[in-house]
Amino acid sequence: MYNQNEDTIKSLIAQYQQRIYALVLYLVGQDQDRAYDICASSFTEAIRESSSLGQKEVFLLRLIGVTVEKCRNIKTIPTFDVIELLEISGAEKGQLLIVLKALQTLDFELKVPLFLRYQFNLSYGDIATVMLVSESDARIKTAQARAQLDKEIERILSNT
Amino acid sequence: MNCDDIKQSLQPFLEDLLAEEEYKAFCAHIDTCGKCSEYVRSIGALSNQLWKLGKVRVPEDLGSTIMYKLAHPEEKAPPSKFVISKKHIVIGSILILLAAGIFFGVSYFRNKQYEDEEGAPIIKTEVIRTFEPPNDSEAQSLLNQLETIAEKLGASGKDNTTEGETGK
Chain A
1 MYNQNEDTIK SLIAQYQQRI YALVLYLVGQ DQDRAYDICA SSFTEAIRES SSLGQKEVFL
61 LRLIGVTVEK CRNIKTIPTF DVIELLEISG AEKGQLLIVL KALQTLDFEL KVPLFLRYQF
121 NLSYGDIATV MLVSESDARI KTAQARAQLD KEIERILSNT
Chain B
1 MNCDDIKQSL QPFLEDLLAE EEYKAFCAHI DTCGKCSEYV RSIGALSNQL WKLGKVRVPE
61 DLGSTIMYKL AHPEEKAPPS KFVISKKHIV IGSILILLAA GIFFGVSYFR NKQYEDEEGA
121 PIIKTEVIRT FEPPNDSEAQ SLLNQLETIA EKLGASGKDN TTEGETGK
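As you go down the protein sequences, you meet chains A and B in turn. Residues 1 to 160, numbered by our numbering, are exactly what the first sequence covers, in order. Residues 1 to 168, numbered by our numbering, are exactly what the second sequence covers, in order.
Next comes chain A alone, as it looks inside the complex:
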């Protein structure tokens, strides 16, 4: 399968590696070494297990599912490595760092729907499939995460 689909695999990696790497990075406490390993093994596993790589949406859901499971099973110790954000101006970077700081206070189960919704633009149905919950639960968790994130950002801003 590897030899036959080499170009397809390369294109899938190029298309999704940034968002998957970012997802892992934020789920494992910004540990870049660990994010690299998990990202590489998630791609490998998802590609090997996919019967057809032509259906990108199906592959992406499979890839996200594998990645989230791998991140869930590891013990995270926040390292707060310096993350290099691309195409972001200096002033905006300051605001993003506040959001990031607030994000790190959220539980794993709340962080996941936020990233899936706002970084991958997944529907609540797809978020439910990845998180193995019902669609309404996915909606509730996303709303809870959002509310908690807002509250945390307000707290950080009021302390500074």
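Treat the hints with caution; some may be incorrect.
[Said to hold, decoys possible] Under the rule of at most 27 Å between Cα atoms (straight-line distance), these lysine-lysine pairs were calculated in the DSSO-like manner: (1) Lys-87/B / Lys-70/A; (2) Lys-55/B / Lys-70/A; (3) Lys-24/B / Lys-7/B; (4) Lys-93/A / Lys-69/B; (5) Lys-10/A / Lys-52/B; (6) Lys-75/A / Lys-55/B; (7) Lys-35/B / Lys-70/A; (8) Lys-112/B / Lys-86/B; (9) Lys-151/A / Lys-52/B; (10) Lys-93/A / Lys-111/A; (11) Lys-151/A / Lys-7/B; (12) Lys-93/A / Lys-151/A; (13) Lys-75/A / Lys-10/A; (14) Lys-111/A / Lys-101/A; (15) Lys-56/A / Lys-69/B; (16) Lys-75/A / Lys-87/B; (17) Lys-75/A / Lys-56/A.
[What the hints assert, rightly or not] Computed footprint of chain B on chain A, listed as stretches where at least three residues anywhere in the stretch have a Cβ under 8 Å from a Cβ of chain B: (18) 14-22; (19) 51-62; (20) 92-100; (21) 115-121; (22) 126-136.
The set of hints was computed from the structure by calculation and includes no laboratory data. Think of the CB as a built atom: it goes at the ideal place given N, C-alpha and C, for glycine as much as any other residue.
Assemble the complex: chain A is given as a structure, and chain B must be docked to it using the hints.
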């Protein structure tokens, strides 16, 4: 629509799920209410910020590592420079600690050899003993010995001069 309605309708608004009537009412309220307008803008900004957080720099060799792993399922992928750095730091730190432990351990046991049972250094005791002043009788006997030696030397000196003079 009032301010509470805005909070409840915000998520459907951001996802473009409001009915036409609701959408118009929503927009009409935020046009007139400064507080709600600010709230909607801040929440909209948050979605945007979460999306922007995904724009991280990916390690350059990630793609090649994945391809290598796929091509060599049984082998471990070649370690990335990026990945190995922390492991090296940990191993290096352990080696430094071990070396320091061995060094101080050896110095401790070496010093221990020159200490008596009470822990006092033996070398110092010996030095102090060497410079202890002799008592009176010892001093007297030493003086006598010195005088004897001086006499002998004097006598031999005289003999030498006599011999020298005779030679002339």
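Here's how the hints hold up against the structure:
no.: 1; hint: Lys-87/B / Lys-70/A; in the structure: holds, 21 Å
no.: 2; hint: Lys-55/B / Lys-70/A; in the structure: holds, 22 Å
no.: 3; hint: Lys-24/B / Lys-7/B; in the structure: holds, 15 Å
no.: 4; hint: Lys-93/A / Lys-69/B; in the structure: violated, 35 Å
no.: 5; hint: Lys-10/A / Lys-52/B; in the structure: holds, 24 Å
no.: 6; hint: Lys-75/A / Lys-55/B; in the structure: holds, 25 Å
no.: 7; hint: Lys-35/B / Lys-70/A; in the structure: violated, 43 Å
no.: 8; hint: Lys-112/B / Lys-86/B; in the structure: violated, 39 Å
no.: 9; hint: Lys-151/A / Lys-52/B; in the structure: holds, 20 Å
no.: 10; hint: Lys-93/A / Lys-111/A; in the structure: holds, 20 Å
no.: 11; hint: Lys-151/A / Lys-7/B; in the structure: holds, 14 Å
no.: 12; hint: Lys-93/A / Lys-151/A; in the structure: holds, 20 Å
no.: 13; hint: Lys-75/A / Lys-10/A; in the structure: violated, 31 Å
no.: 14; hint: Lys-111/A / Lys-101/A; in the structure: holds, 12 Å
no.: 15; hint: Lys-56/A / Lys-69/B; in the structure: holds, 21 Å
no.: 16; hint: Lys-75/A / Lys-87/B; in the structure: holds, 18 Å
no.: 17; hint: Lys-75/A / Lys-56/A; in the structure: violated, 30 Å
no.: 18; hint: 14-22; in the structure: holds (count 6)
no.: 19; hint: 51-62; in the structure: violated (count 0)
no.: 20; hint: 92-100; in the structure: holds (count 5)
no.: 21; hint: 115-121; in the structure: holds (count 3)
no.: 22; hint: 126-136; in the structure: violated (count 0)
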